[in-house]
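Sequence lines, in order, name chains A and B. Okay, so the first sequence: first residue is 1223 according to the working numbering, each after it adds one. Okay, so the second sequence: first residue is 1223 according to the working numbering, each after it adds one.
Calculated directly from the structure, the hints in this document are not laboratory data. Built from N, CA and C at the ideal position, the CB exists for glycine as well. There could be a bad hint or two in this list.
[Claimed, not checked] Here chain A is said to cover these stretches of chain B; the calculated rule only asks that three of the stretch's residues, wherever they fall, bring their Cβ under 8 Å from a Cβ of chain A:
#, region
1, 1485–1493
2, 1686–1696
[Unchecked claim] Pair ranges (Cβ atoms, derived):
#, chain 1, residue 1, chain 2, residue 2, range
3, B, Leu1783, A, Thr1643, 54 to 60 Å
4, B, Ala1401, A, Thr1314, 35 to 41 Å
5, B, Lys1330, A, Ile1514, 25 to 31 Å
This is what each chain is made of:
Protein chains: 2
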Amino acid sequence: MSLNSIPEKLVLLRQKMRSENVDVFIAMSADPHMSEYLAEFWKVRLWLTGFTGSVGTILVTADFAGLWVDGRYWVQAEQQLVNTGFELQKQTTNPDSTHLAWLTKNLKANAFISVNGQTISAQQFADLEKIAQLGNFNISTQIDLISEIWADRPALPNQMIWQMPEGLNALTRAEKIQAIRLKITESNASAHFISALDDIAWLLNCRGKDVEYNPVFLAHLWIEAEHVFLFIDTTKVSEQLKDNLIADGVQILPYIESHAFLSAQQNQTVLIDPAKVSILHVQQIAKNNRLIEQINPSTLFKSRKHPSEIAHIRNAMQKDGVALCHFFHWLENALASKQNISELTIDEKITAFRAEQPGFIGLSFSTIAGFNENGALPHYRATEEHYSQISGNGFLLIDSGGQYVDGTTDITRVVPVGQLTAQQRRDYTLVLKCHIALAQTTYPEGLQSPLLDAISRQSLWKYGLDYRHGTGHGVGFALNVHEGPQVLSYYAPVTEHTRLREGMIISNEPGLYHAGQYGIRIENLVVNQLKPLDDDSYGEFLEFETLTVCPIHLDPIDLALLDDSEKKWLNEYHQMVFEKLSPLLKGDVLAWLTHHTRAI
Amino acid sequence: MSLNSIPEKLVLLRQKMRSENVDVFIAMSADPHMSEYLAEFWKVRLWLTGFTGSVGTILVTADFAGLWVDGRYWVQAEQQLVNTGFELQKQTTNPDSTHLAWLTKNLKANAFISVNGQTISAQQFADLEKIAQLGNFNISTQIDLISEIWADRPALPNQMIWQMPEGLNALTRAEKIQAIRLKITESNASAHFISALDDIAWLLNCRGKDVEYNPVFLAHLWIEAEHVFLFIDTTKVSEQLKDNLIADGVQILPYIESHAFLSAQQNQTVLIDPAKVSILHVQQIAKNNRLIEQINPSTLFKSRKHPSEIAHIRNAMQKDGVALCHFFHWLENALASKQNISELTIDEKITAFRAEQPGFIGLSFSTIAGFNENGALPHYRATEEHYSQISGNGFLLIDSGGQYVDGTTDITRVVPVGQLTAQQRRDYTLVLKCHIALAQTTYPEGLQSPLLDAISRQSLWKYGLDYRHGTGHGVGFALNVHEGPQVLSYYAPVTEHTRLREGMIISNEPGLYHAGQYGIRIENLVVNQLKPLDDDSYGEFLEFETLTVCPIHLDPIDLALLDDSEKKWLNEYHQMVFEKLSPLLKGDVLAWLTHHTRAI
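Looking at chain A on its own, in the form it has when it is part of the complex:
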């Protein structure tokens, strides 16, 4: 519980702003690592506004307080901001709708803007600076207004980190460091500074518990020709792991030392990813060194999983499939016997079944279980204050995933409850057709992922339907469930880094959302594999291998809408699911699997 109400916090903030002569306070949803999921310590926006969505930008002046959020969260933010003193600012793809445009419109010359340089990336800061130059505003990155007023701020997390078991990673730590050093040299740099937590975890073959759902640990890393420095709370590293790290040439320094270390560097040419390093760190480096800006080489390495890693992931998928069969079997019986179950029960049960599997670490994100109208909110999360009972007729959408020591899963299935309408059957079948279209496709090696999205969506587009989220995101290997650089979305910029390469894992998750009625999404994880070809005169081609092993509910399908090749894909998928899971199941659950993987 917080000591102050939100209006009280605003009063405190404005007092601080006055005492520091700050006209505008800005805070992004960020930590010094530009993470998607934040440790409690960095949840400034949640603490200050009460808004629980995943992204939002705060802007406070003496007489205005606004929270900018995108379309996914307008309804939720509207409700959560009531009587807080914050006004919802609806952000769209129109540049006029951003907080930057607000600054241009509302600020006078010489206005003084404060943003904590630890929690804004160099790239975001460059955009802010452009606006400031045009409007003649001043910006400081050095003032931390929040720490002074957040009395009960949680401590930085300090969970122990661990080394991944032998044999799970295709490359050793030393080999990965060597590979990065080659890239540093190729880029004509002398050193490289990394803040991205999943890149650091990948590079060191270590994992941690500092952030919910993401098995990462707070750290920064500096690599140069002779040395590697890891900035980390040293109490998190066991003596044995310290020895291992030192043996691989990794020296350990306190987390907080990164600032002094970077400020002391001279005459280096430092490779950084401006989207993944805080402006404060970049300013420290830039004092006496040259910068080379490009994507972290580790991000590209990490995105391509080695065949031996894919074998581990297949194993994790099988365990996840076993847990899911137990869960869906339980759910079917509970619904049939009219048990009193809610969206919250779903979350508890699915987590409990996963927890029974060997190597289970935790969830890979918070379970989305949405019945009917709740399922129509793609990022819905049931809470103690707001949840639905599962009863009557409709669709129950369940999007969930697990972290296992040998892989990360992410799966969405839709369960029919009671009677379905013809439109519901049509919609379910159209989403399934979209899923199958992507699963079946072959495409040139190196195609930019956004260019594939039209293939996914064509069955829905034909009916004038669409979904307002990407069709796929990258997924880590026993790491973050959202991982770049590839992204399968026609909204996304088509960049060099979106090129699809062998070994990349992405989600295949088309959907359809009728506001106030129901939502549908069918999601498997797939991996890019080279297509064997007799004749490669037209270049190399990739195809998807589906990794997720769990039946797709057959009952809601309108069979008349599936063509022969789609039926064939579905039957072959279910045959594979049966072969992989049936040896691990028995009794009623095996019978459930047998029924739900029947040929159509």
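Keeping the supplied structure of chain A fixed, place chain B upon it in accordance with the hints.
Positioned in the frame of chain A, the structure of chain B alone reads:
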């Protein structure tokens, strides 16, 4: 015939370079309007090197002469450059393969580069300037070395221009000028300078004959709030047209006066399209005025055809279809009776049948008729020196188009000759499937056109096959057969200007080319139409109406590879073709049409 051999021309050029202290001479394939097709006067590259391809960049120093061409032309350029003194430079998508990279690698500081500022766009010049700044080179845009050595240079064309007949254009000249003026104001500009010939023809509702295949006339245009100035060889404009233009506020000045006029402007804010104006003109404007760089508003207006214009185009398509039925009927009989026909005969005959149609003006591009291995060269053109007889077995690819007073056509069909192999049937059917996939697709209004290309290609990709050209280009209304800004190609950059809008016409032309064996391409023109929807909560959607009216050869199809919806599309297309053309045909030709539009 030219007075000098190519080596002699090179000697003359190098003499001139020495007398002007020029170290490097550069020439792009361009005119002062950045046209794709050039008037004879501007064919500097052809004159200097003998290379007949459509694009290439010349770079000459005291001891090196290179011609940079892309992969389409490597074989051809290799042959044509023998003993010329020019070396083929193979340009790829790799930036290291360009003439700019050559400059960086080979030039010393203070080298003096000469490029005729009339024939390089402001955008291309900016790239050159960047290289020059890095390397400390000097550039002059003011020296015209070629005019001094090209003794028998053709005159600038001086064909009369004409006004399009009443009723063909949806907007009058005055309405179009008014629409452009609104865009000038919206862009905070005070004036607008246009050099793009098709934009000027569109804006003035006039056409000309200055350039082969493109019904345009050499001119520049200046629009401001009170005045419009047309820079044109005044002898091309009849007294009556002059009166009409003046009545619409268009004042006529000599073509050559554009330079003095722009140099005399002061304190204007001038909207220009840097890709479509020469650097010489831009330098003249920039002396005493501010520039605003964006795409010509007329390019965007022109790309969206009005329903009344589409009605005219349908009429032109019908005429073209009648001519094509006569042609293909003749061809079938000629082949059956073993007449002695060559690729050149094809060109003559198809042109003769088109010329019989009312309102025919000329071809919209030079006919491509390629038998077997010649068809595998997407830009093949038979010449008196090199052509094939049509005999034996294989595929004859014919890509041709007509300019009519009421529309521009562009169509490719493949005719089977003798016996086909199973692989030929498969390949033909796969290309047809690609064509139908695009024709059948529905997509969100405003989707960037490159994002649709995966839908076109998936049937070929599935077999590890592809084609190395775009699937579609924009087409003008009784104007250039290649028109921007939309382009349907996964190689093309995904920009704002590639968004598909209602009324845009594009070609649907997937293909497949087995080098040394045969080529296949099936091309219709289609127009973007709004899809009628009961529920628009997912936005507006577009679909394609096929405009081209001509049978697609049925005999080479492997029916086992077509699904029901593809057969349905083909039968409905042929039904439409029959309904539109049968009333205009009789006797044997009608029988030919009836047979070739039969249901499958």
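Check the following: the C-beta atoms of Ala1401 (chain B) and Thr1314 (chain A) are separated by a distance inside 35 to 41 Å.
Taking Cβ atoms as reference, Ala1401 (chain B) and Thr1314 (chain A) lie about 27 Å apart, which means the hint is violated.
Just tell me: holds or violated, for the beta carbon distance of Lys1330 (chain B) and Ile1514 (chain A) against 25 to 31 Å?
27 Å, holds
Three or more residues of the region 1686–1696 of chain B near chain A by CB distance under 8 Å?
Three-residue rule met by the region 1686–1696 of chain B, so holds; n is 3.
For the region 1485–1493 of chain B, does the count of residues with a C-beta closer than 8 Å to a C-beta of chain A reach 3?
violated (count 0)
Quick one: are Leu1783 (chain B) and Thr1643 (chain A) within 54 to 60 Å, going by C-beta?
Since Leu1783 (chain B) and Thr1643 (chain A) have Cβ atoms about 36 Å apart, the given range 54 to 60 Å is violated.
Checked against the numbered hints listed earlier, the structure breaks hints 1, 3, 4; every other hint is satisfied.
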